[in-house]
Each structure stands twice: as C-alpha cells, then as structure tokens.
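Student: Chain by chain, the residues run as shown.
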Amino acid sequence: MLDIVDAVRLVLGLLLGFDVSLRRIVILSLAVSLSASVVAATCGLPLGAVLAVFRFPGRGLLILLANALLGLPPVVVGLVLYLLLSRSGPLGGLGILFTPAAMALAQFLLALPIVVALSHRAMVDIWREYGDDLLISGASRLRAIPHLLSIGRLSALTATLAGFGRAISEVGAILIVGGNIAGYTRTMTTAITLETSEGHLAFALALGLVLVAISIAVSAGAFTIEARARRNRAQEAA
Amino acid sequence: MKTFRIFWGALLGALLLFAVSSASGFAAEQQVIVLASTTSVENSGLLAHILPQFTSETGITVHVVAQGTGQALATAAHGDADLVLVHDPAAEAAFMAAGHGLTRTEIAWNDFIIVGPGADPAHIAGTHDAVAALKQIAVARAPFVSRGDNSGTDALEKRLWKLVGLDPTAPDGGWYRDIGGGMGAALNAAAAMGAYTLSDRGTWLSFGHKAGMEIDVEGDPRLLNRYDVILLDPKTHPQAKQAPAHRFAAWLASPEGQAAIGGYMIAGQRLFHPEADPKP
Numbered sequence: 001m002l003d004i005v006d007a008v009r010l011v012l013g014l015l016l017g018f019d020v021s022l023r024r025i026v027i028l029s030l031a032v033s034l035s036a037s038v039v040a041a042t043c044g045l046p047l048g049a050v051l052a053v054f055r056f057p058g059r060g061l062l063i064l065l066a067n068a069l070l071g072l073p074p075v076v077v078g079l080v081l082y083l084l085l086s087r088s089g090p091l092g093g094l095g096i097l098f099t100p101a102a103m104a105l106a107q108f109l110l111a112l113p114i115v116v117a118l119s120h121r122a123m124v125d126i127w128r129e130y131g132d133d134l135l136i137s138g139a140s141r142l143r144a145i146p147h148l149l150s151i152g153r154l155s156a157l158t159a160t161l162a163g164f165g166r167a168i169s170e171v172g173a174i175l176i177v178g179g180n181i182a183g184y185t186r187t188m189t190t191a192i193t194l195e196t197s198e199g200h201l202a203f204a205l206a207l208g209l210v211l212v213a214i215s216i217a218v219s220a221g222a223f224t225i226e227a228r229a230r231r232n233r234a235q236e237a238a
Numbered sequence: 001m002k003t004f005r006i007f008w009g010a011l012l013g014a015l016l017l018f019a020v021s022s023a024s025g026f027a028a029e030q031q032v033i034v035l036a037s038t039t040s041v042e043n044s045g046l047l048a049h050i051l052p053q054f055t056s057e058t059g060i061t062v063h064v065v066a067q068g069t070g071q072a073l074a075t076a077a078h079g080d081a082d083l084v085l086v087h088d089p090a091a092e093a094a095f096m097a098a099g100h101g102l103t104r105t106e107i108a109w110n111d112f113i114i115v116g117p118g119a120d121p122a123h124i125a126g127t128h129d130a131v132a133a134l135k136q137i138a139v140a141r142a143p144f145v146s147r148g149d150n151s152g153t154d155a156l157e158k159r160l161w162k163l164v165g166l167d168p169t170a171p172d173g174g175w176y177r178d179i180g181g182g183m184g185a186a187l188n189a190a191a192a193m194g195a196y197t198l199s200d201r202g203t204w205l206s207f208g209h210k211a212g213m214e215i216d217v218e219g220d221p222r223l224l225n226r227y228d229v230i231l232l233d234p235k236t237h238p239q240a241k242q243a244p245a246h247r248f249a250a251w252l253a254s255p256e257g258q259a260a261i262g263g264y265m266i267a268g269q270r271l272f273h274p275e276a277d278p279k280p
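From first to last, the protein sequence lines are chains A and B. For the record, in the first sequence the residue sitting at position 100 is 100 according to this note's numbering, with numbers rising by one throughout. For the record, in the second sequence the residue sitting at position 153 is 153 according to this note's numbering, with numbers rising by one throughout.
Don't read these hints as lab results, they were simulated from the structure. Predicted, not measured: the structure shown is a model, and the values here were computed from it. Virtual Cβ for every residue (Gly too), placed ideally from N, Cα, C. A portion of the hints provided could be inaccurate.
[Claimed, not checked] Partial list, derived from the structure: chain B residues whose beta carbon lies under 7 angstroms from chain A:
no., residue
1, V34
2, D80
3, A185
4, A189
[As the list claims (entries may be wrong)] Okay, the calculated beta carbon distance ranges per label pair:
no., chain 1, residue 1, chain 2, residue 2, range
5, B, A211, A, V80, 36 to 44 angstroms
6, A, L64, B, V139, 51 to 59 angstroms
7, A, G221, B, R247, 33 to 41 angstroms
8, B, E57, A, G221, 20 to 28 angstroms
9, A, V5, B, D178, 43 to 51 angstroms
10, B, L224, A, P90, 41 to 49 angstroms
11, B, S254, A, V20, 23 to 31 angstroms
12, A, L84, B, S254, 34 to 42 angstroms
13, B, W175, A, L83, 35 to 43 angstroms
[Stated by the list, open to error] Take a look, some chain A residues computed to stay more than 12 angstroms from chain B by CB distance:
no., residue
14, V11
15, G13
16, D19
17, P57
18, L61
19, I63
20, D133
21, A139
22, S140
23, L142
24, H200
25, L201
26, L209
27, V212
Just chain A, with the same shape it has in the complex:
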C-alpha cells in the first residue's frame, strides 16, 4: 500500500516538477510509438481498403494473415528483428540496432496487422453501403478507395489509435532491439522494467501511472471518435 501512496506522490512531483529525464522518456515513447503507428496507418489503411474493395487471388489469405497476426508476440518480433538488424545479420549494414529507429520498426510491425484488420472490417461495411454509389458515379474501384477512406475516416482513425495503443504499451520487442540505453532508447515501458528490477518500485509505479494515463486518454479518444462516427452515419442514413 505504501508503495502506491509513494507512487502517487512521485507522479505529482515528477509531472509538476517536470523532471528532465522523465520528460525525455515520455517524449521518446510518444515519438517512437506515434511514428510507428502513423507509418502503419499510411501502409495499413489503404491496404485494408483494397482488401475490402478488390477481389484478387491471395486476398483471403492476406485477410486471414492480418487477423491471425493480431496476437503477434512482441518478444518474437524483437528477436527476429534483432537477428536481422545485427551487424552479422542481413540488414546489419543499416546500423540501426540499438537506436530509436529499430524500436519504431518493431512497433510498426506489431501495429500493422491491427490497422489492416480493423480498417478492413470497417471498410467492408462502408463499401457495402456506399460501394454501388461510388461505382455508379463513375469512379473506378481504385479511384473509389480515397473516397472510401474519406467516408470511413473516423473508423480509420480508430484503427490507427488501436495500433498506437499496441505500440506504446509494448516492451518485449523494444527491449531487445533498443537495448534500453539511458537517455537514448529508454521508453516508459523499458524504464518500468528496469526500475522494477532495481527495486525502485514506487518510481516504477509512478512511470506506470503516467503510461496508463496516456493509454486511457488514447483509448477514450478512440471510443469517443468511434461513437461519433456511428452517430454521424446513423444521421446520414436517416
């Protein structure tokens, strides 16, 4: 119990005092996970829409794959990426092991299936509703995709935020490919792991509370947007 009280006091102290090392950790976490989820959205949203609109061989397999990889174990992604990015591995020439770039890449791989699977599900519904209209108004299926994403933009944002949630809460992969270097690749989750192992439980918990606050804010944002999307669509239909 004492640890929890200490942690709350620490959180307030750290946040109000704007502790420099904590600020760095929070900014790095956000920067890595935001870039990972934005890139995942850039690739994943159009892919989700294509899977909803086009019929082509291998489509079923891709959809299955995206859904099957929703539960991709981060630690395995980290290990495989480590072997690839190591100097002695095939991508060693990039020299990005133990850098934030490697961490963003790992989180991108974890977020991508989520963005693809969720946006595909949403786009299937929207295509069923608007597809005929879009095709009748003269657009080819390819041309229809930007329109589709525009109509479903709130669902697309929800999918992106879900990917972001996966990225920022993950620790197994970035611990391996980032190396948890102080002031360089130390994020909230890896710092929590380290502080726990050093027995600084109150400080670890304080970091945990900050992380939980951010993740709650993101989830609440996603939920609100999703709810609005449903309301808007209901209004348009009416």
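Once you've looked at the hints, dock chain B against the given chain A.
Tutor: For chain B alone, kept in the frame of chain A given last:
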C-alpha cells in the same frame, strides 16, 4: 471534425519532432560508442555515476546496453557493440580465444555476497565459507534463487555448486528456483520468496527493495568479482569504432577513471574498488 484535425496535427507534429531529434542524433554519430556491459554495473548506478565525467572530458557519448555477461559477449561477437565491460573470467577467456578481443584489462573489483531472509533458516549468517554455506542451504532445503541467465554471477554460482559436489537443479522439491533474470529481478524474487541468493555487492547496496533481507556470507576469496574491459580486435570486428572505444578503455584505467570508480558511494559504502586496491 475539429478534434479530428487536431489529432492528425498532433501526430504530424510529433513525427516532425522525432525526425528532427533523430537527425540531430545522426550528426553526432561519430562521438557515440556502444558499450555492452553487465547488469551489475548498470543496475548499481556505477556507469550513470562515472559516464557524465568521461563525456564532459572527451565529448564521447557512451550508450550502455546492459545485459548479462554471456549476452553482452554475444552482442559484441555479433558486432553490435564497440567494447565490453564484463565480469566472468572463464567466459572472457573463451571470447579472447575465439579472436574477438584485442585487449582485456581489469578496471575494478568488488565481491559477491550470499544474502538471505532475516530468519536465516539455513543458519549461515556471519560465516565466511561460501561453499559450506551453499551446502547448508541445500541440506536445509531452504529456498534459493538462481539467476539462471548465463551471466557472470550465474557462472560463479554454478562453479560454487560444483565445489559443493551437488547438482541443485535435480528435481527434488523445488527449493532451488531458477528465475532466468537479472540481478535486480533475482533480488526481488528472493525478497518475495524469503529465499537466499548470490549477489554482487554493488547491486545489493543500491537495491531499493531489500524487505528484511540481510548479508549472510562474505569475505570468501572465492567470492572475488573482477570487472574487465575488453576492446574488440579490428581484424574480426572492423566496424567497431576503435578510436573512441580505446579512449574510453584508457580513461577507465587512468587515474581519473579509477578515482571516479572508487568515488562511487552509497550510504558511505564504496561499491567498486579501483583495480589497484589490495584484494582480500
């Protein structure tokens, strides 16, 4: 629609921030080296204490990847570090023999201790023979936490059990618990289970959650813990940044570096002795 735009704006802003910050990191790349080291020098706070001094004197930033000795040597062997700082003489000798290392220099030492619950069910408190103490723990079937992570501490523990003449991993009731984690994780586990464990003194002194645990065994010469810095051989590891790595290794062995190591204290206790301090 307004919140929507704010969201994407924030995303874009963060991305730009990240791009700018990584670009500035890129410019300083020449002055950054990666040190693969053990969890004990990182978890104990030693590196955080001495690195700022080195960086301010030389402008070289040291990125510390803290792993067990076994993993740290593997990281360097893969070519993913510029030098290593570890503490397992046997594994280091194998690393040198395999042609990875150029030079190996002792830069500090301290000692290992056996710590355990205040109740001391194996009655080993205050003794100075690590092998006899482990034997008593086994006889009493008192819980014992093993690192089990192929680290320097883990290697010493396995050697000590060999001297006891007993295989603690034999399945006979689970008093021997292999947690497969770092020193801090092992101390956390031991505190939670009321178990004994072997710890380096540095991590123990800086550990923040002792929960009634005490030092039981110390002062056995077999518990000596030496830390070596190893530079990589440019023939096998041409990618290693030789010049700054040499500079760091030389600084660690220099009077300034040795004074910085010896000057690291917690609650009036010295965690690491400079290399030249007389050993017990």
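Student: All the hints need checking, so say for each whether the structure fits it.
Tutor: Evaluation of the provided hints:
For the restraint placing V34 of chain B at the interface with chain A, the shortest Cβ-Cβ distance is roughly 6 angstroms, inside the 7 angstroms limit, so the hint holds. Proximity of D80 of chain B to chain A holds as hinted, the smallest CB-CB distance being about 5 angstroms (cut-off 7 angstroms). Restraint check, A185 of chain B versus chain A: the minimum CB separation of about 5 angstroms is within 7 angstroms; hint holds. For A189 of chain B, the shortest C-beta to C-beta distance to chain A is roughly 10 angstroms, which exceeds 7 angstroms, and the interface hint is violated.
About 38 angstroms separates the C-beta atoms of A211 of chain B and V80 of chain A, a value consistent with the hinted range of 36 to 44 angstroms. For L64 of chain A paired with V139 of chain B, a C-beta distance near 57 angstroms keeps the hint of 51 to 59 angstroms intact. Restraint check, G221 of chain A to R247 of chain B: a C-beta distance of roughly 48 angstroms breaks the suggested window 33 to 41 angstroms. Hint check: E57 of chain B to G221 of chain A, Cβ distance near 47 angstroms, so the stated range 20 to 28 angstroms is violated.
The supplied range of 43 to 51 angstroms is broken by V5 of chain A and D178 of chain B, whose beta-carbon atoms lie about 34 angstroms from each other. A hinted range of 41 to 49 angstroms holds for the C-beta pair L224 of chain B and P90 of chain A, which are about 42 angstroms apart. S254 of chain B and V20 of chain A have their C-beta atoms about 30 angstroms apart, which keeps the hinted 23 to 31 angstroms range intact. Distance hint check for L84 of chain A and S254 of chain B: the Cβ-Cβ separation is about 38 angstroms, which falls inside the suggested range of 34 to 42 angstroms.
For the pair W175 of chain B and L83 of chain A, the beta carbons lie near 37 angstroms from each other, so the given range of 35 to 43 angstroms is met. Chain B leaves V11 of chain A outside its interface by the beta-carbon criterion, the shortest separation being 17 angstroms against a cut-off of 12 angstroms. The claim that G13 of chain A is not at the interface with chain B holds, since no C-beta of that chain comes within 12 angstroms of its own (minimum 17 angstroms). Consistency note on D19 of chain A: stated as away from chain B, and its beta-carbon is indeed over 12 angstroms from all of that chain's, at 15 angstroms minimum.
Every Cβ of chain B is farther than 12 angstroms from the Cβ of P57 of chain A; the closest lies at roughly 35 angstroms, confirming the non-interface assignment. The beta carbon of L61 of chain A sits about 31 angstroms from the closest Cβ of chain B, which is more than 12 angstroms, so the claim that it is off the interface holds. Its beta-carbon lying about 26 angstroms from the closest one in chain B, I63 of chain A satisfies the requirement of being farther than 12 angstroms from that chain. Non-interface status of D133 of chain A relative to chain B is upheld: no Cβ of that chain comes within 12 angstroms, the nearest being about 22 angstroms off.
Interface exclusion of A139 of chain A from chain B stands, the closest Cβ pair being 23 angstroms apart, more than 12 angstroms. Every beta carbon of chain B lies more than 12 angstroms from that of S140 of chain A, the smallest distance being close to 27 angstroms; the non-interface claim holds. Every CB of chain B is more than 12 angstroms from the CB of L142 of chain A (nearest about 24 angstroms), matching its label as outside the interface. At roughly 5 angstroms, the least C-beta separation between H200 of chain A and chain B is not larger than 12 angstroms, which violates its mark as non-interface.
Taking the minimum C-beta to C-beta distance to chain B, about 6 angstroms, the non-interface status of L201 of chain A is violated against the 12 angstroms cut. With a closest Cβ-Cβ approach of about 18 angstroms to chain B, L209 of chain A is found to remain outside the 12 angstroms limit, as its non-interface label requires. No Cβ of chain B comes within 12 angstroms of the Cβ of V212 of chain A; the nearest lies about 20 angstroms off, and the non-interface call holds.
Checked against the numbered hints given earlier, the structure breaks hints 4, 7, 8, 9, 24 and 25 and satisfies all the rest.
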